[in-house]
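Asks: Respectively, the protein sequence lines represent chains A and B.
Convert by adding 39 to the 1-based position in the first sequence; the result is the number in the numbering used here.
Convert by adding 70 to the 1-based position in the second sequence; the result is the number in the numbering used here.
Honestly, the hints are just simulated from the structure, not real lab data.
Positions of the beta carbon are idealized from the N, C-alpha and C atoms, including for glycine.
Mixed in with the good hints there might be a few duds.
To be verified - Interface residues of chain B toward chain A, partial, derived using beta-carbon atoms under 10 angstroms:
| hint | residue |
| --- | --- |
| 1 | Leu114 |
| 2 | Leu116 |
| 3 | Arg121 |
| 4 | Leu122 |
| 5 | Asn124 |
| 6 | Ala128 |
| 7 | Ala132 |
| 8 | Leu139 |
| 9 | Arg140 |
| 10 | Ile141 |
| 11 | Thr146 |
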Amino acid sequence: MSDLNEKIKQVIEGEPVTLFMKGTPQMVMCGNSLRALEALRRAGAPVTTVDILPDPAIRQELSAQSGWPTIPQVFVKGELIGGADIVEELEQSGDLERTLEDKLGPGYRDERDEKTVALI
Amino acid sequence: MATEQLQAMLADAFPDATELAIEDRTGTGDHFQVTVASSRFAGLSLLEQHRLVNEALAAPLADGTIHELRIKTKGTA
């Protein structure tokens, strides 16, 4: 297993909520990444973002692991939740908050901070 | 890529679809919104439903022909 593969796995499994996106929260480079980020923010999620743009290998390894072809991708406690459409739909129905509560505990909003992790 | 091609691929994957709509969002043949209503979605999570659509369009997604894909799925009885 490559280093990158292992790093991706560590982030997905180690962070409460991971958003693989194009760009960073400070400079979002894709409308769908922004949609996912904003839905997560509305749900009060503690988001760890990973920018996939610095190296095409990040996206290749990520999609190979997740079986999900497009960006963004959202994970909660290691489990793929989906892309922008799903996260938005779940946020609107209230299911996103329920999932976050189930997986992270009812106090998940308290640790609300955004951070960015670089893989390369 | 023409919306007709997408339509044909989705029709193959979802022969029972009661709704199959494809919108070329930018008019450039690479940003699409697809809406699919099918009994194949019954009892599946949103993630699994979207996976089925992604699988149906795996080739153009993998080679970059589709730059952006927005998906709306509806389960039918």
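Asks: Now tell me, hint by hint, if it's right for this structure.
Replies: Evaluation of the provided hints:
no.	hint	verdict
1	Leu114	violated (12 angstroms)
2	Leu116	holds (5 angstroms)
3	Arg121	holds (7 angstroms)
4	Leu122	violated (12 angstroms)
5	Asn124	holds (5 angstroms)
6	Ala128	holds (7 angstroms)
7	Ala132	holds (7 angstroms)
8	Leu139	holds (6 angstroms)
9	Arg140	holds (6 angstroms)
10	Ile141	holds (5 angstroms)
11	Thr146	violated (17 angstroms)
The structure fails to meet hints 1, 4 and 11 from the earlier list, while all remaining hints are met.
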